[in-house]
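Residues per chain are reported as follows:
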Amino acid sequence: MNVIRIAWKELLVNFRDMRTFVFMLAFPIVLMLILGTALTNAFQSGATVGEMSLLYRNTASSPQLTEAWNEFTAAIGREGVKTVAAAAGEDGRADVRDNRYSAYAEVSDDGIRFYGSTRDSIESSIIQGMLGAFADRYNLAAAALKEDPAAVPAILASADADSGSFVSESSLTPDRQPGSMGYYAIAMTTMIAFYSCMSASNLIRGERTRKTIVRLSAAPVGKGAIFAGKVIGCTIVNFLCVAAVVLFSKLAFGADWGTHYPLLLLVLLSEVLLAVSVGLGVSYLFKGDSARSVIMIFTQIASFVGGAYFPIEDVGFFSGISNISPMRWANEALTKMIYADNLQAAWPALGLNVGIAAVFLIAAILFMRRQEAL
Amino acid sequence: MNVLEIRNLTKKFGDFVAVDNMSLNVREGEIFGFLGANGAGKSTTINMIASLLRSTKGEIDLLGKNIAKNVKFAKMNIGIVPQDLAIYDNMTAYENVSFFAGLYGLRGTLLKERTLEALDFVGLGDKLKSYPKNFSGGMKRRLNIACAIAHRPKLIIMDEPTVGIDPQSRNYILQSVKQLNQMGSTIIYTSHYMEEVEEICTRIAIVDHGKIIAEGTKEQLKTIITDTKETWIGVKTDGALALEPLKQIQGVTAVRLEDNVIVIHSRAEVNNLNRIIQQLIAAQAEIRFVEEKAPNLETVFLTLTGRNLRD
Chain A
13 MNVIRIAWKE LLVNFRDMRT FVFMLAFPIV LMLILGTALT NAFQSGATVG EMSLLYRNTA
73 SSPQLTEAWN EFTAAIGREG VKTVAAAAGE DGRADVRDNR YSAYAEVSDD GIRFYGSTRD
133 SIESSIIQGM LGAFADRYNL AAAALKEDPA AVPAILASAD ADSGSFVSES SLTPDRQPGS
193 MGYYAIAMTT MIAFYSCMSA SNLIRGERTR KTIVRLSAAP VGKGAIFAGK VIGCTIVNFL
253 CVAAVVLFSK LAFGADWGTH YPLLLLVLLS EVLLAVSVGL GVSYLFKGDS ARSVIMIFTQ
313 IASFVGGAYF PIEDVGFFSG ISNISPMRWA NEALTKMIYA DNLQAAWPAL GLNVGIAAVF
373 LIAAILFMRR QEAL
Chain B
8 MNVLEIRNLT KKFGDFVAVD NMSLNVREGE IFGFLGANGA GKSTTINMIA SLLRSTKGEI
68 DLLGKNIAKN VKFAKMNIGI VPQDLAIYDN MTAYENVSFF AGLYGLRGTL LKERTLEALD
128 FVGLGDKLKS YPKNFSGGMK RRLNIACAIA HRPKLIIMDE PTVGIDPQSR NYILQSVKQL
188 NQMGSTIIYT SHYMEEVEEI CTRIAIVDHG KIIAEGTKEQ LKTIITDTKE TWIGVKTDGA
248 LALEPLKQIQ GVTAVRLEDN VIVIHSRAEV NNLNRIIQQL IAAQAEIRFV EEKAPNLETV
308 FLTLTGRNLR D
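The listed protein sequences correspond, in order, to chains A and B. Sequence positions in the first sequence follow this note's numbering and run 13 to 386. Sequence positions in the second sequence follow this note's numbering and run 8 to 318.
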């Protein structure tokens, strides 16, 4: 009964503290909004193609080539590529350098010379691809002229009929991926769940600072009951804040949290429990304000390498380091659950969180039992 | 009947002996004054009585039971009013008292009744839903007391309960202490204010360097001092008055200045009043009155410990 009484006291004291709302609710929501909005482009997998324009100069003497070229320009024109014949004396390369055209092509009896714009690299690459396809077909037609002249019209005509096939596009559709708001909704939520270790590191120290530790210790309540009550209360307070952030991000920002809410909340609860245990354990391992400093430093490093501020790539130095961050485990588990419906991904995170929480809780209990007072 | 019996109590922190083989009894119905300068060992003793610290040696019995073997019984029967305010600013006055009383096993209607009773007793019955952060220093002190008495302990330990409050609140608290005592509680009271101890305590122990150096009623303690006299001289000076020359006068053992009154302790057998007055005239002090006083507790304390209580 006293465990519940102490846990309830924790809820009352924390929810009436403005700092709880600012730190555990306003802070992650504001960060989510800022980062999710500012870094929208960084999470887009597609690219926008601007106007494509090709300046050309045709000096070829071959009527077949000229005819084929004209058919080609007409065909790509229908695909949205603006083709312009260079005027006499006009420097096509200078025009491309001045960004007036995406590319410049010189067609002669020796072949086609291509100059692409580095500024409009996507547009010039597409045009280059089209030119490559045209050159292949023209070469094929030229070869056929020697062996089977009757086939030539059909080969060249295909450039017109299949004008859209100068560049063919195919892509593999990966699993659904989070957009910027989706990513930061997860990242900020797991970050704030781990920030619970800060309030947990103050659980006993706060009672000492307020001097209420004397009354608690003088009451006929065991150390174990006080400890359990405080851990339960702190975990509930922080989990409710985390759940509120999830709800707010879904309703206000439209963040995608998938459909597996019970398991998703269980992962977050286990992360809060882990954070509370780490905070409490460190507060016993390090005395006074040094515990606070250790927690602050560890939390910031874990947030940084755990992908709280930007996504960490799966390869390289940071990838190895990020695996020590509880936020990384939780982020990965939640992302897979939400975007790939992979519920199995929850179990490693749950196991690590609960296991490490148990280790820190046992350490804290051992330290507490060795001390005379709490 | 003894409510509290302490036998050969010792507490060491490493090599430092905070409480040194202390023995004392507190009888039922007493307001027992526990006097000592900072670091004398009062708080350590109180913490051992309240089961907050384990003794290195010795025994403490509460109501005839050894507290080390009956920790829960001891805690149930002790209420502690710590020197520092031990309340939650984010909980109302009612919630504070109710929370702590609940830890002593009170439930339901009884918990509510006792909480209201305690708050009424300290004069906060109309502030049930108010938060301590909006209270004056005196109100916080009273709430601090209410949190300790709601479970009706047999022994109440009050550690400097009137520190830093206005005279009106202090009087209220002192009256409350007397009233609690009349209602049957035995009280251990520590204070830096000697006049409080003189006013309310029925028996007093003076602690120094972890030992009890004197114990008895205030009248008994005053009889210990037969070789010291105290002279009060009211003065008016234009500037700061140097006390050092007065200390050099034969027979003078201590001099202090309190609100334009010089308090001089001298050996009883030495007649040095003429020389003291000559010294003050030489220092161009205007003498308003001269009065010889019987020893009070302050004198007793100073004589026994060589220190003022507030040192």
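Just so you know, these hints were derived from the structure itself, not from any lab. A virtual CB, placed ideally from N, CA and C, is assigned to each residue, including glycine. Just so you know, not all the hints are guaranteed correct.
Claimed, not checked - Which bits of chain B does chain A cover? Going by a derived footprint, with three or more residues having C-beta under 8 angstroms, they are:
hint, region
1, 53-66
2, 88-95
3, 100-110
To be verified - In silico lysine-lysine, BS3-like type, Cα no more than 30 angstroms apart, as pairs:
hint, chain 1, residue 1, chain 2, residue 2
4, A, 223, B, 76
5, A, 235, B, 76
6, A, 223, B, 218
7, B, 254, A, 223
8, B, 119, A, 299
9, B, 185, B, 140
10, B, 79, B, 119
11, A, 235, B, 185
12, A, 235, B, 140
Take the region 100-110 of chain B, compare each residue's beta carbon with every beta carbon of chain A, and decide whether three or more fall closer than 8 angstroms. holds (count 5)
Mind checking the alpha carbons of residue 235 (chain A) and residue 140 (chain B) for me, to see if they're no more than 30 angstroms apart? Cα-Cα ~28 angstroms, so holds.
CA of residue 235 (chain A) to CA of residue 185 (chain B), is that 30 angstroms or under? Violated, at roughly 34 angstroms.
Could you grab the alpha-carbon distance between residue 223 (chain A) and residue 76 (chain B) and see if it respects the 30 angstroms cut-off? Roughly 26 angstroms between the alpha carbons, so the hint for residue 223 (chain A) and residue 76 (chain B) holds.
Between residue 223 (chain A) and residue 218 (chain B), does the CA-CA distance stay at or below 30 angstroms? 27 angstroms, holds
30 angstroms Cα cutoff - pair residue 119 (chain B), residue 299 (chain A): Distance ~39 angstroms between residue 119 (chain B) and residue 299 (chain A) Cα, so the pair is violated.
Apply the coverage criterion to the region 88-95 of chain B and chain A: a residue qualifies when its Cβ sits closer than 8 angstroms to a Cβ of the chain, and three qualifying residues are needed. Answer holds; 6 residues pass the 8 angstroms Cβ test.
Residue 235 (chain A) and residue 76 (chain B) were given as a pair; does the straight-line alpha-carbon distance stay at or below 30 angstroms? 17 angstroms, holds
Measure nothing beyond the straight line between the CA atoms of residue 254 (chain B) and residue 223 (chain A); if it is 30 angstroms or shorter, mark the hint as holding. 42 angstroms, violated
Can you confirm whether the C-alpha distance between residue 185 (chain B) and residue 140 (chain B) stays at or below 30 angstroms? 28 angstroms, holds
Residues of the region 53-66 of chain B with Cβ under 8 angstroms from chain A, three needed, outcome: The restraint on the region 53-66 of chain B holds, since 5 of its residues have a Cβ under 8 angstroms from chain A and three suffice.
Check the hint pairing residue 79 (chain B) with residue 119 (chain B) against an upper bound of 30 angstroms on the C-alpha distance. 23 angstroms, holds
Consistency with the previously given hints fails for numbers 7, 8 and 11, ordered from lowest to highest.
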